[in-house]
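Student: What follows is each chain in one-letter form.
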Amino acid sequence: MTTMDILRQLDAQVCPTIDAGMVVTDVPREEFARMGTTLVQEHGFRLMTLFATDDRVVAQGFGLRAVLVHDATHEQVMIRTLLPEQDPRYPALTTTVMAAHWYERYAMDMFGIVAEGHPDPRRLVHHENVPEGTWPLRKDFAWNTKMAHDDVPYPMHHVAGEGIYEIPVGPIHAGIIEPGHFRFNVAGERIITLEGKLFFAHKGVEKLLEGRTLLEALPYVERISGDMAVAHALAFSQAAEAIAGVAVPQRAAWLRALLLELERMTMHIHDLANIGGNGTGYTMLVAHGFRIKERLMQCAEAVFGNRFWRGYVVPGGVRADCSDTTIQEIAAIARGAAEEMGVLVGTGLQSDAFRERLETTGVLPRVTAIAYGAVGVGARASGLDIDARRDHSDSAYAILTPAIVTETAGDVYARFMVRVRELEVGAALIARIAREIPDGAHMVPCAPVHGFHVGVVESWRGEIATALIMRDGKIERCFPRDPSFCNWALFGELGPGNIVPDFPLCNKSLNLSYSGTDL
Amino acid sequence: MQWSWTSIGILVSIAGTLSAALLALCGRGLWTHRMVQVVLAMSTATGAVAGVVFLFGNRVPVLFDAVDVLYGLRLVLHPLAAIFFVIVNGIACAAALYAIPYVAAHQRTYHVPMVNSAVAVFVFGMQTVLLASNVIGFMFSWELMSMASFFLVMADRDEASVKAAMLYLVMTHLGAAAILAGFSVLGGGNPLLDFSALATSARSLSSPYILLAFALFFFGFGSKAGLVPLHVWLPEAHPQAPSHVSALMSGVMLKIAVYGFILTAMMLLPGLPPGIGMLVAGVGLVSAVAGSLAAAANRDIKQTLAWSSVENLGLIFCMLGVHMFAASRGMPELAGTAAAAALFHCVVHAIFKSGLFLTAGGIVHAMHTRSLERMGGLAVRMPVLSGAFLVLALGASALPPFGAFFGEWMFLRGLIHAFVGADAGTMAFLLAVFSGFVFASSMAIFAMVKLFAIACVGQPRSAAAAHAQEPPRGLVYPVLLLAVGMIMSGVAAATILRAIGMEYLVRTDRVFAPIVVSGSVLQPAGLAGMVILALVLAFLFRRLWTGDPRERTYPTWDCGQPITAAMEYTATAFSAPIRFFFRPILQNRKIVTTAAVVATNAYVRSHTMTFASRSLWMEYLHLPIARLITWKSTQIRKLQNGTIQFYLILIFLALLVALVIAV
Amino acid sequence: MSSLLITVLQFLLVLGCAPFATGMVRWVKARMQGRAGASPLLPYYTLATLFRKEMVISPVTSWVFRVSPFVVLATALVVSAVLPLLSGGGMFAGNGDDFLFFAGILMLGSVFLVLGGLDPGSAFGGMGASREMTIATLIEPAVMVTLTAFAAASGTGSTSGMLAAGGGYLLAHPALLLSVLAFVFVLLAENARYPVDNPATHLELTMVHEAMVLEYSGPYLAMLEFASSIKLAVFAIFLGNLLVPQTLLPVGGGAESLVVAVLGMAAKLTIMMVLLALLESTIPKMRFYRMQEYSAMAFGIALAGLVLTILPNIV
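Residue numbers (this note's numbering), protein chains in the order written: chain L, 1 to 519; chain G, 1001 to 1663; chain X, 2001 to 2315.
To be clear, the hints were calculated from the coordinates, so they are not data collected in a lab. Be a bit skeptical, because a hint or two may be false.
What the hints assert, rightly or not - Covered by chain L, according to a simulated footprint, are these stretches of chain X (three or more residues, beta-carbon under 8 Å):
#1 2010–2023
#2 2189–2203
#3 2270–2284
#4 2287–2293
This one's a predicted model, so the numbers in the text were calculated from it and none came from an experiment. Just so it is clear, CB atoms sit at the ideal spot from N, CA and C, and this is done for glycine as well.
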């Protein structure tokens, strides 16, 4: 049964169409949740992204779009509904699909549309100081609006019972990390519940992107999460290219893959050092791991002019070609870094005390990972075989066919090992790119005018899904969904049962981006 | 009959106590109440002074032949009893002073005349049990003490109190029955025998009978002292009583059990084998470990203290056991040290435990709850009481320079010295004692720190704690008195040792003399002086560098999010690692129940935590026995079928059996 | 040299070199991680700066908060004066340097540190306090049993007596090496070092010692930091003395033996700090809920040392 058939069977009224490889269907708002639920629960779809649009000018209402993906058949479905301007309500998808819970809260904060029956309808992005009725992503909200200070309650969850106490940590931490508040409910050392309060530094990226051209928007997109510049730029560019209907030249696609893998290697080395070193206090790992990582970053600076590979990936290809000798040199450095890191990690793993810290810590069960729509390393370490490089591959990855690494235990050790093996895979990919990269142009013109697409890229953190709507050559709406947005809520599941001093280890094992979540 | 100031003092004190008991029944007014307490305080003060004078005097047993009216009952004060006599009277005096405002403040809760009278009878019972020189006198006073305290446990007529009191009643009477049976075994059933005659007749008994008598005495006095597994009543009953009675029960009545045990097992019974000493020490150790762990994990201010009593009595019995073992093994040095340490610890424990119970009373008076989880921040709100509390808690932790440290030091020094040259069995035993003792006393520190810290420091965890104020001065002074006593017990440890007849551990007869155990010297006053000197140095050090330090007040670091009292450590949380590490022993479990907010989404849930704590002993020992008894009783009840003829047959059969036995 | 003079000299020397001990570990650790590292003398500057700084004190705190730094520092001062660090012939030799008193006075310091940590009512202070108290309680039996082995071997409870038997001591009782090992366990736990605590961590949820002193600032913080430096130095020198008591200043020793004693003490301290840094660079921190295994191990080793030491004496 094709996806079209499923949709028709679900509701005889709908008439799905196919748009740039994606099945699109409009449903009445009462049907939105039921449709999504059936696709997820009965047909094995995964909620990839869900976002709202302000369509009041053209359609007198707010649009709500959910993109679902079937990871085995690689099919994408978009369910779209229109909520009337005066009464923007619909039955919540979260009532049945846990993966939707942050998306729906996000839309409530940003657009003022109400997901009725949401089990946790608290604010998400807006903190206490934001007045009621502030909906920043509505078109009539100017980006430079000065808001009054308010004191709307932002209640955290409490565990009832005498003897419970709460540990508040953050947003200001002892270490230099991004702002995030975590609240533990504890009766001693063992975590009973754990909840995060993020969104302390909302940048307004989505608002700022609106009305800009692609090239104006690109610097913002690259800086959504500093350590994922390539991946975000790539997801954004792929969406634009699909709307424009251009095919990127092969050489450009391979150069993009080279950069994506370099970024992945660098950050995996960082994570291995950080989990192993700072998380457990194994200073040897962190001291040498960061040194190795630094080699790759200096390589980036030498070749691309900055330490984070920014400004290279552009819609239509890459900004400049790269000589084959340079690629060889990059590959040599990457190989060396991977080998040295392999030795270092191997030494670390010989320590029982080290493995003991990682094993059975922060277990994320497979069912939970599926229910929350987990992506990336966190999902693969719990046995979910998903990787956008294979499932939504572009022209380069279709040839490169990277090996997908999964583990089953779902603990910190599994996540550590996924990274260890992905590091090897990455080095092998880079070596192959250096050997086999095809010749050709490095760029084609890309000028999308009108349309919608979702660009999907497997960053080192996990799947990025950048939804892009263009109107008259300008960005109408862009929702770059960072993998962290899907994975943050997992802490509520993998934290409890661990002891408080092991939480930093769990945290580092997912290494999520605050900035990427807090657009 | 030789009259001396001491004997007059003692006579005055018991007569005064008795008259206080009668006076209490004369009226319900507060004026009568105050009179009663003043009389009681004066009589017990007299008794304490008389006891001290006796101990520092010529120590000739004081006799009152004049009271020889009831079945040859004579009152005798011998040196051992005198130690306990001082404890009883000293603590009772503080308790009486404390009761003046305490009972007055709770006159709606308690029936004042009844409570006052029962307290006086309770004290009278404890005084006379120490003076009794024969079985009937001893048992009579013992019962007075037990019954009075039974009524006092349920003085507030609360359901929990009545339940606790009933449990106490059962245990104490099983104990009393065992003691009486023990005396009967020794004296051939004659309850009028003098203790000296009893000792003589005991010498002619064969060893199975001696062992039987020992077992009965150990059961009887052990159940009163709250030794595991006979302790189940203690953490229930002691906290339920009014606080000054809790102080008397935990601080003093338990010591009467120790006295009784020393009197019977060590003075009356001849030549017990070393195994008995090992048994006593073993039971003591188990009690100490179980008590200290339970105290560490508990969340109720008075129950923590009650568990701490189980622990301390365990330590005392452990010392006594080692004494018995060493005495029967011919190790006089260890025997002497262990006995000294045990008696010393009795004195010190009386001071700090009654002081802590009186403190707890003051705190509960201000807070109207015993739960530590609602306290916090009392050090700001009641600085004087909390200061005394800290001194007493440190004393109870056996930290230098307080008294309990020196008691434990003597004992451990004695043990270590005995290691050298001991045979393998002795060595194994002494090592086990050493390890268990050290473990229990370390855990006791944890319990005491938790108790003080959760109650007194940090933010108030409830409105009651936030508005708490220093209790009336009348409640604070007795505690201060005992806190001073706590400090003196350390500084003047040598004097106490001399008073309890352990001069051989003291080198000179100065008040602040050093203590010498097996060649090791410790100078309590010197050490205290050193600590004070170091404090002064630390202060000068700070002054030297900074002069007057500048200060700024700024809220506690909150990581950028406002914090409340719900975010500070609780008693439950503080002891969580201990609960986790010793879960097999403590048997309490956190139960988290969750409920999904929406039935169709299992991941958004609300949580509730409760604590399931159960007692291993209750579950696997006491309740099975109780069930067995209930079951047997139901079986026997079948006899009661209501037909007269059947009863007549039964009576006839009983007569026949009696005849057969008689002939 | 009079015993009073020896004690005063030792006291001043230990206080003087205590910050160096802390700085030394940090410096060696930094070198081992390939960093340049701050000078080992940095703690002196830090302390001097802290003593001059303004104090920021939470309104929640009570007198306990203000008393704690003094008691903690006082206990450190007491042990640095009493223990035989420079010489076994100080004024407390034989009448105040009992090892049980040593254990007790250390515990007194820990208790006040814990109370000071809880007083500001923050979650971190409580966390550190609960962990510190647990560690202190569980390691206390090991402290006592470890030193009991030396007491049993030397026949005296005084620490100077334990060291007085001289160099052939460990040779005569090789089992005491087990006790020395147990003492290392104790040293690490009591001083909040690896694998029990990570003194360099920035992860507030894993802290023990740092979490307790979080609310202290200015002179109070300086006192607490100084006290923990002293404690570390005292433990390290005492461990060195247990192994190599030969350099101790003999009673009535002359100028040259004084030089030997001072140099020996400095050498022991430096070597111990280098070894500590080496250890901390090569092992990860233990999971906190393994603490009972750590202390049980320490206790087991200590007990084995004690039993094997007294075994030959059994008749």
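Student: Now tell me if each hint is right for this structure.
Tutor: Hint check results:
With 0 residues having a beta carbon nearer than 8 Å to a beta carbon of chain L, the stretch 2010–2023 of chain X misses the requirement of three or more and the stated coverage is violated. Residues of the stretch 2189–2203 of chain X lying with their CB closer than 8 Å to a CB of chain L number 7, which satisfies the three-residue condition for coverage. Only residues whose beta carbon comes within less than 8 Å of a beta carbon in chain L count, and the stretch 2270–2284 of chain X has 5; three or more means the coverage holds. Only when three residues or more bring their CB closer than 8 Å to a CB of chain L does the claim for the stretch 2287–2293 of chain X stand; here the count is 4, and the claim holds.
This entry does not satisfy hint 1, going by the numbered hints stated previously; all others are met.
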